[in-house]
Amino acid sequence: MQRIRFIDRMTQGKVSRRDMMKAASAFGVGTLVLPKMANAAEVLTCLEWGGYDSADYFQAYVDKYGAQPNFSIFAGEEDALAKVLAGFAADV
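Numbering (our numbering), first residue to last: 1 to 92.
Hints were generated in silico from the structure; no laboratory data involved. Ideal Cβ placement from N, Cα and C applies to all residues, glycine included. The reader is advised that the hints may include incorrect statements.
Unchecked claim - FRET-style restraints, in silico, Cβ to Cβ:
#	residue 1	residue 2	range
1	Val-33	Tyr-57	38 to 46 Å
2	Val-84	Phe-27	32 to 40 Å
3	Asp-8	Leu-32	22 to 30 Å
4	Asp-79	Lys-36	26 to 34 Å
5	Ala-55	Glu-78	26 to 34 Å
6	Arg-17	Tyr-65	49 to 57 Å
7	Val-33	Ala-55	23 to 31 Å
8	Ser-72	Asp-19	27 to 35 Å
9	Arg-9	Pro-35	47 to 55 Å
10	Ala-24	Gln-68	47 to 55 Å
11	Val-84	Ser-54	35 to 43 Å
What the hints assert, rightly or not - Below, in silico cross-link-like pairs of lysine to aspartate or glutamate (DMTMM-like), each with a Cα-Cα straight-line distance of 20 Å or less:
#	residue 1	residue 2
12	Lys-36	Asp-91
13	Lys-83	Asp-53
14	Lys-64	Asp-91
15	Lys-64	Glu-42
16	Lys-22	Asp-8
17	Lys-83	Glu-48
18	Lys-64	Asp-53
Taking the hints into account, I'd like the entire structure generated from these sequences.
Put into C-alpha coordinates, the structure is as follows:
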(Lines of atoms letter the chains of each structure in order from A and count residues from 1; the text may use other names and numbers.)
(Lines give C-alpha, C1' and ligand atoms only; values in the text may rest on other atoms or scores of the structure.)
Protein backbone atom coordinates (compact mmCIF):
# COMPACT_ATOMS: atom_id res chain seq x y z
CA MET A 1 0.00 0.00 0.00
CA GLN A 2 2.84 2.41 0.80
CA ARG A 3 4.20 2.08 -2.73
CA ILE A 4 0.83 2.89 -4.31
CA ARG A 5 0.46 6.00 -2.14
CA PHE A 6 3.94 7.10 -3.16
CA ILE A 7 3.07 6.70 -6.85
CA ASP A 8 -0.17 8.65 -6.36
CA ARG A 9 1.71 11.47 -4.63
CA MET A 10 4.33 11.46 -7.36
CA THR A 11 1.75 11.78 -10.16
CA GLN A 12 0.12 14.68 -8.31
CA GLY A 13 3.47 16.47 -7.96
CA LYS A 14 3.46 16.26 -4.15
CA VAL A 15 6.72 14.33 -3.72
CA SER A 16 9.65 16.26 -2.25
CA ARG A 17 13.25 15.87 -3.28
CA ARG A 18 13.93 14.18 0.06
CA ASP A 19 11.26 11.54 -0.64
CA MET A 20 12.73 10.91 -4.09
CA MET A 21 16.23 10.54 -2.62
CA LYS A 22 14.94 8.06 -0.02
CA ALA A 23 13.26 5.98 -2.71
CA ALA A 24 16.33 6.08 -4.97
CA SER A 25 18.61 5.14 -2.06
CA ALA A 26 16.40 2.22 -1.08
CA PHE A 27 16.40 1.01 -4.67
CA GLY A 28 20.19 1.34 -4.92
CA VAL A 29 20.83 -0.52 -1.68
CA GLY A 30 18.37 -3.21 -2.74
CA THR A 31 20.20 -3.83 -6.01
CA LEU A 32 23.56 -4.05 -4.23
CA VAL A 33 22.29 -6.53 -1.64
CA LEU A 34 20.78 -8.98 -4.14
CA PRO A 35 23.16 -11.66 -5.41
CA LYS A 36 24.50 -11.47 -8.93
CA MET A 37 23.20 -13.90 -11.54
CA ALA A 38 25.70 -16.63 -12.34
CA ASN A 39 27.01 -16.86 -15.87
CA ALA A 40 27.68 -20.23 -17.40
CA ALA A 41 31.29 -20.92 -18.33
CA GLU A 42 31.87 -21.26 -22.04
CA VAL A 43 34.21 -24.22 -21.61
CA LEU A 44 34.32 -26.65 -18.69
CA THR A 45 37.64 -26.65 -16.83
CA CYS A 46 38.56 -29.84 -14.97
CA LEU A 47 41.35 -30.43 -12.46
CA GLU A 48 42.04 -34.16 -12.88
CA TRP A 49 44.54 -36.89 -12.27
CA GLY A 50 46.66 -37.84 -15.25
CA GLY A 51 44.91 -40.42 -17.44
CA TYR A 52 41.36 -39.18 -16.90
CA ASP A 53 41.66 -36.79 -19.82
CA SER A 54 41.05 -39.67 -22.24
CA ALA A 55 38.24 -39.04 -24.73
CA ASP A 56 36.50 -42.24 -23.58
CA TYR A 57 35.62 -40.61 -20.24
CA PHE A 58 34.01 -37.44 -21.58
CA GLN A 59 32.52 -38.46 -24.94
CA ALA A 60 28.96 -38.04 -23.61
CA TYR A 61 29.84 -34.46 -22.61
CA VAL A 62 31.19 -33.72 -26.11
CA ASP A 63 28.06 -35.21 -27.68
CA LYS A 64 25.78 -33.09 -25.50
CA TYR A 65 27.64 -29.74 -25.49
CA GLY A 66 29.72 -29.92 -28.68
CA ALA A 67 33.02 -28.93 -27.07
CA GLN A 68 35.79 -30.70 -25.23
CA PRO A 69 36.52 -29.66 -21.65
CA ASN A 70 39.85 -28.11 -20.70
CA PHE A 71 41.97 -30.31 -18.45
CA SER A 72 44.58 -29.30 -15.94
CA ILE A 73 46.44 -32.44 -14.96
CA PHE A 74 48.08 -32.97 -11.59
CA ALA A 75 50.47 -35.74 -10.58
CA GLY A 76 49.66 -35.92 -6.88
CA GLU A 77 47.62 -34.40 -4.11
CA GLU A 78 50.35 -31.89 -3.28
CA ASP A 79 50.40 -30.69 -6.89
CA ALA A 80 46.61 -30.23 -6.92
CA LEU A 81 46.67 -28.39 -3.61
CA ALA A 82 49.46 -26.11 -4.84
CA LYS A 83 47.41 -25.21 -7.95
CA VAL A 84 44.30 -24.44 -5.91
CA LEU A 85 46.22 -22.38 -3.34
CA ALA A 86 47.89 -20.45 -6.19
CA GLY A 87 44.45 -19.37 -7.40
CA PHE A 88 43.56 -21.92 -10.07
CA ALA A 89 39.79 -22.05 -10.43
CA ALA A 90 38.38 -25.28 -11.83
CA ASP A 91 34.73 -26.01 -12.53
CA VAL A 92 35.11 -29.68 -11.58
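Against the structure, the hints come out as follows:
{"no.": "1", "hint": "Val-33 <-> Tyr-57: 38 to 46 Å", "result": "42 Å, holds"}
{"no.": "2", "hint": "Val-84 <-> Phe-27: 32 to 40 Å", "result": "39 Å, holds"}
{"no.": "3", "hint": "Asp-8 <-> Leu-32: 22 to 30 Å", "result": "28 Å, holds"}
{"no.": "4", "hint": "Asp-79 <-> Lys-36: 26 to 34 Å", "result": "32 Å, holds"}
{"no.": "5", "hint": "Ala-55 <-> Glu-78: 26 to 34 Å", "result": "28 Å, holds"}
{"no.": "6", "hint": "Arg-17 <-> Tyr-65: 49 to 57 Å", "result": "53 Å, holds"}
{"no.": "7", "hint": "Val-33 <-> Ala-55: 23 to 31 Å", "result": "45 Å, violated"}
{"no.": "8", "hint": "Ser-72 <-> Asp-19: 27 to 35 Å", "result": "55 Å, violated"}
{"no.": "9", "hint": "Arg-9 <-> Pro-35: 47 to 55 Å", "result": "32 Å, violated"}
{"no.": "10", "hint": "Ala-24 <-> Gln-68: 47 to 55 Å", "result": "48 Å, holds"}
{"no.": "11", "hint": "Val-84 <-> Ser-54: 35 to 43 Å", "result": "23 Å, violated"}
{"no.": "12", "hint": "Lys-36 <-> Asp-91", "result": "18 Å, holds"}
{"no.": "13", "hint": "Lys-83 <-> Asp-53", "result": "18 Å, holds"}
{"no.": "14", "hint": "Lys-64 <-> Asp-91", "result": "17 Å, holds"}
{"no.": "15", "hint": "Lys-64 <-> Glu-42", "result": "14 Å, holds"}
{"no.": "16", "hint": "Lys-22 <-> Asp-8", "result": "16 Å, holds"}
{"no.": "17", "hint": "Lys-83 <-> Glu-48", "result": "12 Å, holds"}
{"no.": "18", "hint": "Lys-64 <-> Asp-53", "result": "17 Å, holds"}
The structure is inconsistent with the numbered hints 7, 8, 9, 11, although it conforms to all the rest.
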